[in-house]
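Peer 1: Each chain, written out:
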Amino acid sequence: MAFWIASSPHNHNKAETSALMRLVIYALIPGIFAQWYFFGWGNIIHISLAVFTALFCEFIVLSIRNKNNISKQLFDGSAVLTAVLLGICLPAIAPWWISIIGAMFAIVIVKQLYGGLGHNPFNPAMAAYVMLLISFPLQMTSWQPPLTLMTVDLDFANTLNVIFSGFTKEGYSVEQLRTSVDGFTMATPLDTLKTDLGIGFTVFESIEKNVFGEHFALGWEWINFAFLLGGLVLIAKKAIAWQTPVSFLSSLFICSFIAYTITPDSSASTMFHWMTGGCMLGAFFILTDPVTGATSNKGRFIIGALAGLLVYLIRTFGGYPDGIAFSILLCNMAAPLIDQYTRPRTYGHHTNTKQEEAK
Amino acid sequence: MTDYALLLIGTVLVNNFVLVQFLGLCPFMGVSSRTETAIGMSFATTFVMTLASLLSYLVTTYILIPLNLEYLTTMSFILVIAVVVQFTEMVVHKTSSSLYRLLGIFLPLITTNCAVLGVALLNLRLQHNFFESIIYGFGAAVGFSLVLVMFSAMREKLANADVPTPFKGAAIAMITAGLMSLAFMGFAGLVKI
Amino acid sequence: MESIIERINQGKFWHFHGGIHPPEQKATTSDKPIKQLSLPKQLVLPLQQHIGRQGDLLVEVGDKVLKGQALTQSSNPMAVPVHAPTSGTISAIKKSVIAHPSGLSELCLFIDVDGEDTWKKREICQDFSQLSRQEIITKISNAGIAGMGGAGFPTHIKVNTKPDINFLIINAAECEPYITSDDLLMREQSEAIVDGIKILDQLLNPAFILIGIENNKPQAIKALQQATKHIEKIKVCVLPTKYPTGGEKQLIKILTGKEVDSGSLPINSGIVVQNVATCFAISDAVINDIPLIRRVVTLTGKALSKPQNFWVLLGTQVSYLLEQAGFVNEDNNNQNTQASLQTSPPVIMGGPLMGFSILNEQVPIVKTSNCILAPSKTEMPSAFDNSSNEVECIRCGQCADVCPSQLLPQEMQWSAKAKDHQQLTKLNLFDCIDCGACAYVCPSQIPLVQYYRVAKAEIRQQQQLDIKSEKAKARFEARKLRLEQEKIARQAKHEKAAAARKATMNKKSADGGTASSAVAAALARVKAKKAADQNKAETAEPTNQVQDNNVQSEKSQVKAAIARAKAKRLANEQATKPAIDNNVQDSVVDDKKARVAAAIAKAKAKKAAEKEPSSNPDVSSAEAQNTSTGADDKKARIAAAVAKAKAKKATKKESSSSPEVSSVEEQNISTDDAQNTATDADDKKVRIAAAVAKAKLKALDRAKQASTTNSEE
Amino acid sequence: MNILLAILVLGVISALFGALLGYASIRFHVEGDPIAEQLDALLPQTQCGQCGYPGCKPYAEAVANGEAINKCAPGGEDTIKKIADLLGVDVQPLDDNHEQDDSSQSNLPKVAFIIEEDCIGCTKCIQACPVDAILGAAKQMHTILSDECTGCDLCVAPCPVDCIEMRPTPETIQNWQWDLNKIAVKQIG
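Read top to bottom, the protein sequences are chains A, B, C and D.
Heads up: the first sequence begins at 1 in my numbering, then just goes up one per residue.
Heads up: the second sequence begins at 1 in my numbering, then just goes up one per residue.
Heads up: the third sequence begins at 1 in my numbering, then just goes up one per residue.
Heads up: the fourth sequence begins at 1 in my numbering, then just goes up one per residue.
Same shape as in the complex, but just chain A (with noise of 0.2 Å):
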């Protein structure tokens, strides 16, 4: 009887892209009850809203691109991670128009039109986000502050009602739910600290608004830090890197760290630039998206060190707040280039094989 002809290796170590994937998002779980517990509603509600979104794109594109197995591609959990990474992105309160358009872009543009899982060079989550901030700044900076310090209750219906209406039921604008007690509208730990240092006010000063509560930024801390227990399991369980998100976070520590001794009252300290925006969310979820970011080990803490560069010089310098998505793109785009120059040497080559070829 003929036996069938198979080629080796025979074996496999059943590991699966898509268990990789739902790891990925279950490690993101942490972060969006954080989210949920100080900021409400708002963000998973677009999360959901996204998911959806992508799903139907990806859907979409697949069919017309006929595709076979159409089902095992959808549900490889890269749409969903996208959804779920630009859905944790964005304001809570932004209406809900903005994660629709938002997962639509990242979807067929950013990913689908380069041809799919594995051959677009920028990661879709933070593109779209890039794309929305620029076209819709108004929309992308309505950042709600903590529930704590709202005169407003925001339950699940009423979020609902703000995120789809863009007033609450009582009536009240987004602008107003923004508006603090004392009359001033609230923003961003970073945001406010920014405007702050422009007026000329020291950190100090400046530190003791409410927004900043008892350490360094009330909820964006603990939303952070559970982040970074998330990546920790994943680094744990080999789902990522290493390399890239501690190159990333040594290196804001350092840039931080110089400004801060050299003008401590004009610079916000280290951990505030770890503790605040999306800086954990960034060097664990994002930035070690293997599909956008370098493939050996130097290239990695290249990348890592350039991204975290970059966000300390757009966070201190530049004129958006929180630079982790402009710095991730300008990474992704790096990455091509520095894998050119950071090929590991191989068993029986003397130099790394860039010198040797050029020699």
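Source of the hints: derived by calculation from the structure; they are not laboratory data.
Keep in mind that a hint or two might mislead.
Said to hold, decoys possible - Calculated cross-link-like contacts (lysine to any residue; reagent style SDA-like; alpha-carbon spacing at most 25 Å): (1) K67/A to N160/B; (2) K456/C to L16/D; (3) K157/B to D85/D; (4) K249/C to Q42/C; (5) K468/C to D85/D; (6) K419/C to E171/D; (7) K298/A to I433/C; (8) K249/C to G150/C; (9) K120/C to Q42/C; (10) K209/A to S251/A; (11) K32/C to Q226/C; (12) K157/B to K417/C; (13) K471/C to T169/D; (14) K71/D to D85/D; (15) K468/C to M1/D; (16) K233/C to K302/C; (17) K209/A to D191/A; (18) K72/A to F56/A; (19) K456/C to Q174/D; (20) K162/C to Q42/C; (21) K235/C to G263/C; (22) K95/C to T169/D; (23) K426/C to L72/B; (24) K496/C to L481/C; (25) K169/A to F38/A; (26) K14/A to I433/C; (27) K480/C to Q38/D; (28) K120/C to K235/C; (29) K302/C to H12/A.
Model, not experiment: these values are computed from the prediction.
Following the hints, complete the assembly by docking chains B, C and D onto the known chain A.
Peer 2: Structure of chains B, C and D alone, referenced to chain A:
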């Protein structure tokens, strides 16, 4: 000294010639299919832009303005740039004929590269002094080269991506350049000129 | 050098990048001893079971052979002889499927076993230390020993290097899961293995002998330590278990910390690596004069009811082994087998990571097959599904982390899919040792090793093509040069002739015509010949006449007569052979009458053959052979040629219906005629036109066929 | 008056730069164009003439100054890709009136073969073979050196008794190739 450094960073990153001011797009698209050609082109363009902005400054301040022939500025700029490009073409042809052949039509095309003429005219409009115009020329060229080389590395990888057929080639390159300029928006406001 | 040994003494080794820890599954077969097998009925011995060339046959069909008798002998160094594993008669020498992933068949010796198992005469050599180096090497090469670890490199070449190398490394790692043949061999035959090592020591005189063995084989380690405790030079190094420790390069890196340069053999850096089984075979050959006729094979896998290690005679077919081990083909039992392609579970020769699945059961065991693995469906599902569920690569880098050669598999598969050979060579594709670790861990289940194998084969084929085109270019240049020189030589000859004629003219007029008529005659002859040469194009009779007249005017009648006779003979030669432009210059008499007649019959048969396309040309030529017995002379030959030409013209007309195509034929035939009359050998333009016409004709046919096939769809 | 001044100034500047360029062109003069040799190295040297040029060298020179790069039938797609890489132009598909020479049935190249019963030793094919791969003399038996033959089938036409045919080389262990579709590897996308 610091404002020279700020001017340089401003020209390279903040208002990058290709991605923010959208100048010099045709060589950007044309030469970027391979990294060696991109690197070759960026050296040639840097040489041309720096020399052109220097010469154009000299021509305007010491010839045109004293003889109040300001209306001749554009024509003399074109003349200067054409000379410099012709000179570069000869040098490149002599030094490395493989690069000369790889660049092909795009080497003489630098004359019509709007970034080169742009830098000369912008120097004039922003009333840069001698040293500033050199820094500005050099900064613009470095910005152009940085983005060109990064873009060529990306396109080399994109060449094998499973892009839908109507989007293959230039279309996907345009989209990628669009996303790159989105990313460069992040530098807006970095340097307050 | 010292530092290496201190490290080894303290049991500290280097480590190599990457490597994986697949489930070992060695327990199923490592607890049972090696079982002797009863004699199978038939043995199939491929002539080539090693890297190199096959030996020359010593026996024919029907010979009786004794056990251990040499069946082929090695004429050149790269050939390794094959011996009869048991006594019997050679029943056939024909091509049969061999142990190769391609499933192609090669020349094999079929031995019908007679069951007596009678040995050939053997002299046991008591003390191998007396034997000289050369004697040992000849003994090894005559015993047909090739590397048994998996590569099959002829051992007598490997051990034939100049002595005083740095390290002799004995590879006892056996890192691949399931395989326990070396493990059992070491436990039961450790003394014989150590004898083999001593022989190698005597041959190569290495500074140090290191036995690399993984720490998952405790009894084997104890046995080896026990056997080598009094030999100070041999050190047993217990290494951490990691696949692929057994790879030659990886083992060298672990034991000596040095890396073999890419593209060069370990021997260049003074290291020889030998497999444990090879050492056992060497001691068998040198001491007890037993050639390599049997080896230990592990039969394992859940589809076998009695998995175990067996002493297997080379050439035993896998079907016999599967019976012995109780191959339960559970696929046949539950009839819900999926697509027809999946007839039965794959049987893999070699381990799960580097072995290949064999085409059918007739495949024989060869010197390099150390394991037969018959997995069950639950055990190794990925070996069963015939359609791979490959997903796009997400560049997660896990393959790059496990790659022992520190390559970038994700970049290489990207270039391999795009067939970008330059980029692949830049990524050092040829440093990949096909170990399968990357494909094992790939979460997207991409058959990476398969892509690399296809890419390597393509690049090698491309290199062959480049060499061939280089050779073709050289030959073309040489030919052009040769034609140039011939042309110049002919020109010079004509000038010399013309000069000679002028000289004779002046001499004749000076001394009043006493020149001998011979010179004038020679001149006339040359003139006639040149005339015939120049106006090759117009073969009409009159031109010759014209030449005769002007000869007449200058010379006397005698000369003219000779020239006229010459021209007449030349003319009728021309008339008789218009179609076949035989080389006019050589009027060689045609003595091969038989072939001429054959050509006639052949032409007729061919014409018939063209009518019904299916008939086989050889058959027709065979008929032509027997009708040619009645040979007749040159006329028949010419008739044949004429018949041939008519036949060709006729067939071309009938087969082509549309006028336009026939016009091309006309042009084609006219080019043929033009070709016939082209005198000048290097008349390139005409021949190129013919080639282009031919190409167009073929293109037209192809287009016609394409249009017909389109119309059919 | 002003116009004259302008013309004068521009005239002086261009004269100055003209002199500079003149000097530069002499100093940086470059002779010959090595591209033809590089192109010739890429071609498969079958000298088959299917590109319309008598041999590979003339076709290389023609491509060097502008001829279409997709005329080399034996080279097929990958020669065109190599030429396109060298010249930096984009790859065109093979010219369709030059039929694709790589035998479609088996991907092994074809080699000429003389049926020895029919050969009448007329040396027509020897003169036709561009690489002298045919052994034989007038009236003697001819045969083809299979590893020298480049498969350009120039010898098939001139043979009066039609005894030359193109046969693919047999598949042995050495030139056997792993091919992807033997194992049903389904590529997603």
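Peer 1: When the structure is checked against the list of hints, which entries are broken? Sort them ascending.
Peer 2: Failing hints, ascending: 2, 4, 10, 15, 16, 20, 21, 23 and 28.
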